[in-house]
Amino acid sequence: MKILVSGGTTFVSKFTAEYFLKRNNEVYVINRNSREQVLGVHLIESDRMNPSNLLKNEHFDLIIDVTAYNQEHIKSILNCGDPQKLDLKA
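Heads up: the sequence shown runs through residues -16 to 73, numbered per this note's numbering.
Not one of these hints is a red herring.
Here are the simulated lysine to any residue pairs, SDA-like style, with alpha carbons at most 20 Å apart:
1) K58 <-> N40
2) K58 <-> L45
3) K39 <-> M(-16)
4) K(-15) <-> D44
5) K(-3) <-> D44
6) K58 <-> L37
7) K39 <-> E28
FYI, nobody ran anything at the bench for these hints, they're computed from the structure.
Assemble the whole structure, with the sequences as input and the hints as a guide.
What follows is the structure, encoded as structure tokens:
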């Protein structure tokens, strides 16, 4: 499974990335690269509030956003991809 984890360097997001890596998943993290990364993840270096089009051509089976504080944080990651590839249920 191809998984995107927001953060990925501290607390819950770090252990989430490690958990899925140990189960042979392809794990991507999106963060500012200001801390040491978990060995084996694919880094997408970006501020979550300004991800540009870095995810436009990517498809993830699962997005785990454990660093969001509000609805705008969640939308910032979801809206940076190709909306036709997202399978969002209201």
